[in-house]
Structure formats: C-alpha cells, structure tokens
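Engineer: Knowing the structure of chain A, use the given hints to seat chains B and C on it.
Residue numbers (our numbering), protein chains in the order written: chain A, 1 to 181; chain B, 1001 to 1190; chain C, 2001 to 2316.
Don't read these hints as lab results, they were simulated from the structure.
Don't be surprised by glycine CBs; every beta carbon is placed ideally from N, CA and C.
It is possible that some hints are incorrect.
With a Cα cut of at most 16 Å, we get these calculated EDC-like pairs of lysine to aspartate or glutamate [claimed, not checked]:
1. K172/A to E1134/B
2. K169/A to D1135/B
3. K169/A to D1137/B
4. K73/A to D1101/B
5. K73/A to E1116/B
6. K175/A to E1116/B
Sample of chain C residues with no beta-carbon within 12 Å of chain A, all distances over it, derived [stated by the list, open to error]:
7. I2008
8. Q2037
9. M2069
10. L2107
11. M2110
12. S2138
13. R2197
14. Y2281
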Amino acid sequence: MENDKNSQKIVDYIGNFARKHSLFVLAYGTGCGAIEIPATMTSRYDAERFGIRGAATPRQADVLLITGYLSTKTLKRVIRVYEQMQEPKYVIGFGSCTVNGGMYYDSYNTINGLDQYIPVDVYINGCMPRPEAVISGFVKLQELIMAGKANNGEKYRENLEHYRSNQKKIIKNWKMPDYNW
Amino acid sequence: MTDLVKENILLNAVTSAFKIEGKVIRDRRVEVHADKNTVSSILLFAKKQLGYIHMNHMTCIDWIEQGEFELVYTIYHPVDKLTLFVKTRIDREIPVMENIDTIWDHANTYEREMREMFGIEFPGLVGEHDFILEDWDQIPPMRKEFDTHKYAAETFYTRPGREDAKDVREELSKRSGTVVPDFAKKYSRE
Amino acid sequence: MEDLGLKIFGAILTTIMAFTVGMTYGGIVRKLTARVQNRYGPPVYQNFLDLLKLQSKKTNIAHGFMGHMAPVWIIIAAVTVLMFIPILNGNLWFPNLSFHGDLIFLLYMMVFGSLGMALGAGQTGNPNSAIGVTRGLSQMVGYEIPFVLALVALMIQFQTTSVQDLTQVQHETGVWNAFANPFAFLAALLASLGMFRYSPFDIVGAPAELASGPVSEFGGKYLGTMMSGGAVFAFIKLTLYVHLFFGGAGNPDDSGILATLAGIGILLVKTFLLYMIPVFYGWINPRYRTEQAIRYFWGWPTALGIVGVLWAVFFN
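So that you can see chain A by itself, here it is in the shape it has in the complex (with noise of 0.2 Å):
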C-alpha cells in the first residue's frame, strides 16, 4: 500500500512481497473462461508456483477473477462477494466479455465494461485467453502490487457512490444492503 507521500515504508515493503507471493484466487465462473482456470492450476502451467492457489470462500480470497461475461442477474452475485471479500483485495477481468462485453456487446442481459460496477486491477483480453495469458495477468497483478498501486479496494470504498449509481442502473430491484463489507 501506498501512504500519503507517496512512498511505500520498509513494513510496506514486506507486506507487499508477501501479498504478491501469496495470491488466493476465488474464480468466480462465469461464463466459457472458467474452463481456464484447471488448465491454469493444474500440472502443465502450475500456478502454484507463483503462490497462486484457489480459495473457497470470499473471506479467505485475495484475488475475485471474474471469468467472463456477466449478465445482470450475475452482477448482482459478484458484487456481493466483492464486497465480501477482504482488504487488500483485487478483481482481475478475464477474456473480452469482461472488457467491452466482447460478442456479447450488444446482448439485452450482460454487461459491457467490468470497471463500470466494480473496480478492476488487471484485465486479460482474448477469447479465450490461454493460460499463459492468465499467468502473465496475475504476473502483471504482481508487479502492481509490488509497486504498491493495487489498492482498489479503498478506492471502491471511497467512491461508493459512483459504483453504486452505476450498479442500480442495471440492477433495478436492489434488494442488498446498501454496505454489506
């Protein structure tokens, strides 16, 4: 994390190099990426070597990697877990769907543009993105975090308003609390 100067403190240094070696993932699935994300884990590309390894729930979880084109009814489920999610938390915005909404840039029910409802760290484009894509993604992920610029999660929390203007445009019965972090 940065501080107000500008600089980043000895401790901050530490901190950061373990955050950027120990990123647990919750792939949120949903769309055609999430077949990826085995590829990814798995033997040949091995994400565990760069300390990347899966969470279960959105409590433990550093890293939300929306895989894929979200429909409104989907919005709404990951802006829950995004706000679930822990401090210092990232988004990584996986294929084009999640960049412009891909080829499905004019459908009635999913979005385009991922950074609109919730702020997004790193994106990966293609259609699919290989999992070689994926690994430089979160290697990129890294290099912001070591920088100290990955600190979105304050940035969400101070412009709320923004993001939530944005959200309930889509999402016109908003029946969530209006914080739920």
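Structural biologist: For chains B and C alone, coordinates are given in the frame of chain A:
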C-alpha cells in the same frame, strides 16, 4: 436413398387422424402443421398411440411480418428413430397457447422460458415469472420488435473502440449483392 | 530462580520450534504434492508467506464473541498441549510441564482446539460451517476410539499413564513400543490418518463441496491464527506419536548442546517420516463420505485396538 416408408406411414397416420397438412422433410424427419387447438390432441395421440414418448424440444419463432408466433414441438420415437415436428401458429397480438406440461413434465421449463422471452401466456403454467431474467421491465427480449442494440447502448456502458462493429445483415448484403428487405431496414445500425 | 528463567526460555523455544517445524512441514507437503502431480510447486516457505499475508490483511469481519475467540482458543489449546508434551526425552532445555501431564489429560486437551473451532464456526451462522463442524465431530468420534484403545493398551502394558515414563521404558529396554505392542501401534497409526485430515479424511474442510467448512467465514488474521494453531497441533501430534511408539528422541543422561541438537535432528527425522504416512495415503485416495470415514475407523483400526488391549493384558 431410402424410400421413406416409415416416414410416410407416420405422416398418413397423423394427417388422416386429424385432417391436417404435413410433409416428409427427409429421412427420419416428418413435420405436420396443426391448428393451435388440436396440438395437444396430436401430441397426446403421438405419445399414447404411436409411441413418441420423448419430447426433444419446444421452441418459438417470431414471424413479425405475418403477425404470428410459430411454435414447434419436437417429439421423438426411440424405437423407430423418427422425429416428428408439430408446428402451429398463434396470433402475435393475443399470444396464448395451451399448456402441455401435463403431457411431458419438462415442457414446463420450455414454457416458462417462452413466457419470459416471448411473452406467450400458458394458462395454468406453474412457476415463478422470473426465470432467466431478473427484474425485467421491458417488452420480452426475444420479440423482434425489441431492439437489443439500442437497449444495450442505452443501458450498458459502451467502451470507446467498438464503433467499428458492423451490422451483419448489411455487410452480408453488400458482399453478396442481395437487397436488404424493407422490414429489416428499421433495425439498421446507420 | 535461574531454573525458572531456563524453563520460560525453554517454553518459548519450544513454541517457536513447534510453529516453525509445523509450518515447514506443511510447505514441504505442498511441494511434494506438487511434485507427485508433476508440477513444480510452491517454494517450501510458501506457508510463511501465506501467513504473513493473512496477518497483513486489513479489514476483518466480526461475527460475535466466539467468532473472535475461536482462533485464540485454538492457539491457546495448541500451546497448552505443547507444554505437556515431552519434546526431548529428559532433556533439561525443554522440560516444560511434561512431568505433570499424562495421557488421559492430553486426550482431553487435544479436543479443546477443535471445540473452540466448532463454537466459533457455529457463531458465524454460515451453513457450510455448521455442516463442517458436524462432520468434524463425527470424524473425531470415529478416530478417537481406535486411538484411545491404542493408548489404553500402552497404559495397561506398562502400568503407567505418563508419556515421560513410556518414553523412558523404551529408552531403557531398547524396544520401541511399535514392536512391543504392534497392534496398538497399527490402530494408532490408522487413527492418525483421520487426525491429520488429509485425503481421504478431509471431509471437514472439503473445499469443493463445503467451501472449506468451519473456516469458511474466517479470513485474514483469523485464518492466519488458525493456520498457526494447526501447524503447532500437527507438531504436537507427531511428537506425541514419536514418543509413544518410536522410542522418542534425545538422551536423558546428556543435555549438552551437541546431544540436544542430535536429539532434535532425530526427532525431526522421525516426525517427518511419520507425517509422510497420512500424506502418502492421501495422495492416492479420493475423499470419503462421512459415514464411510466412520465405518473405516470403527472397522479394522478398532479391531486392532481391541487386539492390542488383549495383547497387553495377556502377553505382558
């Protein structure tokens, strides 16, 4: 090429019993065109008498120019390996169709989807109104008068850089020299 | 009073050693598992990084008093039990309280951590936690029976309940209890499969079906503290087994630096080899269901435990 014996027997059995039109599409595929009121009788007849015990699929096509919805019931005979299509048309303004989930339970799923996506009412259909969509307040989205592109542009954020997305229909007409029909022009992107 | 100072120093040293060894074993297991699956695997110190990261997490959710207390409870139970385990046989550096605790007391105390976890998980209100706790307690009922039978066999055979005395007997006679009462040893060994919760007995935290079970609502510092407690508990169980069945470690007549280091070395080798048994068994086995696990423990392990008791009664 086979001589389509089984197919013709099936076609005769159905058409003579209900005095309806039909044809053999190709081997193992037979279609009949029925009135909307006789559809359930045909399906029941096919299931009980002819052994078409499995319903493969049930779908809807929006014929916006003719003001009709076409409903297609696809049923299957697992022994004869024959597929029978029962097609019917219903009025687009009053989209009401008989509920057949008493014949096949899983028709319920298809009917709920059609109710949501096309706005077809099935009297007596049990199930939540929200099936795939959630909190939908527009006209049913699979109807052809629903402009998905306009809706998506208004509702969702469009990232710059998507302007080069072309209209498939117009691109194809330019490439092959065919003319875009009048009814399609109002959906044009330009 | 310098005796007291030495004791406190020894206690702190014991705790640090137990924590480090437990965490490192976890890391080695992760590495070995990766190699078995034809992967490169994380570094051996990965667990320490995970712990550091978990402890540096910022926000944490409160789920009420027991939610706060559960990790603390676990680590308190772990350190308390650790104090009553003889680390090295008769060594003056790690005396702790091992002369005062006996097996029955240890059996009681070792359940304490799980109990704290159960209470904490209950308060989070997550249904997965409730199912996980139910499964964990059921499994505990399963493996405790052969384990207790094995310990009872040892107690009858040597007419003592003290871990210290059992180790001393092995040291004097030169025969490990694993050979003095092989049936009790086998029963305890099979019970240890359930104790370490590797496959096929990882029904408590089953990530794919229960979302890590009791800990599903615990993140950040809570999870990190639980991890530390679990590492210490792993060391405790291994050391207890080594002292009960494998002749212990250390020379009671010599407490010099070299002899102590040699004793620690022997302890590490023995515990590591013992730890590999449930891990090896886990690599080749998928997960059991709860009733299958209990049936497993109440089958051959319990039968072997009863035979061990009979052996102790009749062939002593």
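Engineer: Evaluate each hint against the coordinates.
Structural biologist: These are the hints, each one checked on the structure:
1. Straight-line distance between C-alpha atoms of K172/A and E1134/B comes to about 9 Å, which keeps the hinted pair within the 16 Å bound.
2. A hinted pair counts as satisfied when its Cα atoms are at most 16 Å apart, and K169/A with D1135/B qualifies at roughly 12 Å.
3. A threshold of 16 Å between alpha carbons decides the hint, and for K169/A with D1137/B the separation of about 13 Å falls inside it, so the pair holds.
4. The hinted pair formed by K73/A and D1101/B fails the criterion: a straight-line CA distance of about 27 Å is larger than 16 Å.
5. Between the alpha carbons of K73/A and E1116/B the distance comes to roughly 15 Å, so the proposed pair stays at or under 16 Å and holds.
6. Restraint check for K175/A and E1116/B: the C-alpha separation of about 22 Å exceeds 16 Å, so the hint is violated.
7. For I2008/C, the condition that its CB be more than 12 Å from all CB atoms of chain A holds, with the nearest at approximately 29 Å.
8. Distance check on Q2037/C: its Cβ comes as close as 5 Å (rounded) to a Cβ of chain A, failing to clear the 12 Å threshold; non-interface status is violated.
9. For M2069/C, the requirement that its beta carbon stay farther than 12 Å from each beta carbon of chain A is met, with the minimum near 17 Å.
10. The claim that L2107/C is not at the interface with chain A holds, since no C-beta of that chain comes within 12 Å of its own (minimum 31 Å).
11. No Cβ of chain A comes within 12 Å of the Cβ of M2110/C; the nearest lies about 25 Å off, and the non-interface call holds.
12. With a least CB separation of 20 Å from chain A, S2138/C remains clear of the 12 Å interface cut-off, as annotated.
13. With a cut of 12 Å on Cβ distances, R2197/C stays outside the contact zone with chain A, its closest approach being about 15 Å.
14. Every CB of chain A is more than 12 Å from the CB of Y2281/C (nearest about 21 Å), matching its label as outside the interface.
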